[in-house]
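Novice: Go by the hints and put chain B onto chain A.
From first to last, the protein sequence lines are chains A and B. Taking the numbering used here, the leading residue of the first sequence gets 879, the next gets one more, and so forth. Taking the numbering used here, the leading residue of the second sequence gets 879, the next gets one more, and so forth.
There's no promise every hint is true.
Same chains, same label: a pair holds when it works inside one copy or across any pair of copies.
Said to hold, decoys possible - Cross-link-like lysine to aspartate or glutamate pairs, in silico, DMTMM-like; alpha carbons within 20 Å at most: (1) Lys925 to Glu986; (2) Lys951 to Glu882; (3) Lys916 to Glu990; (4) Lys900 to Glu888; (5) Lys964 to Glu882; (6) Lys959 to Glu882.
By construction, these hints were calculated from the structure, which means they are not laboratory data.
Number of protein chains: 2
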Amino acid sequence: MMYEPINFHEKLSLFSEHWSPKVIAEMNDYQFKLVKVKGEFVWHDHKETDEVFIVLEGELTIAFRDGHVTLSKGEMYVVPKGVEHKPFAESECQIMLIEPRGVVNTGEKSTELTAENDVWL
Amino acid sequence: MMYEPINFHEKLSLFSEHWSPKVIAEMNDYQFKLVKVKGEFVWHDHKETDEVFIVLEGELTIAFRDGHVTLSKGEMYVVPKGVEHKPFAESECQIMLIEPRGVVNTGEKSTELTAENDVWL
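Only chain A is shown next, with the shape it has when bound in the complex (with noise of 0.2 Å):
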């Protein structure tokens, strides 16, 4: 029997709409999910999570209370739990969160950058 790979690119191929998660799999109750990005997100934390973010594709900045990280294709971060942070990207970024299943993108905050969870490319 064939298996099939999970090709990032050709994921990322099926959506254009920027700070909405994909989920593309699942380890466990953790979800892998892609993400276009572009401008300025919202401060936010996760009180009960680490996230991790990996660029796939462009450039990335994660912006802390006291400083910021930036992040290049082929880097990683994993932002502590309860930590604040806010991401910027001057231009479209994409990326690749993985966090457990449930994790809202804004934290506890509602703003209109609140996506919808849990959607399955």
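Specialist: Coordinates of chain B only, in the frame set by chain A:
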């Protein structure tokens, strides 16, 4: 304050041995491990957890008892818990594994390919 991204290629340049996972990050109780692989691994499974393979460079085939999947750069696969598998790479392949802390590379079997666990780069 400047925070540092984790760069996959930079971390991969720090070691050369095959089948010897190196931890580069933790998210909650999960670990991100880089591995260089070449040739054939052993049949094994992980009774308690799914296991994620992401190919960073090269090509990896994962054999199952009833088929296989071949992953190229930019592709991932989730091996479900309890499913026997045997990774194989004709040429050197560089991968990232994601799985809970404590998972041993050969599962419950102890072989000459069993690597020391929880080794950080």
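Novice: Against which earlier hints does the structure fall short, listed by number upward?
Specialist: Violated hints: none; all satisfied.
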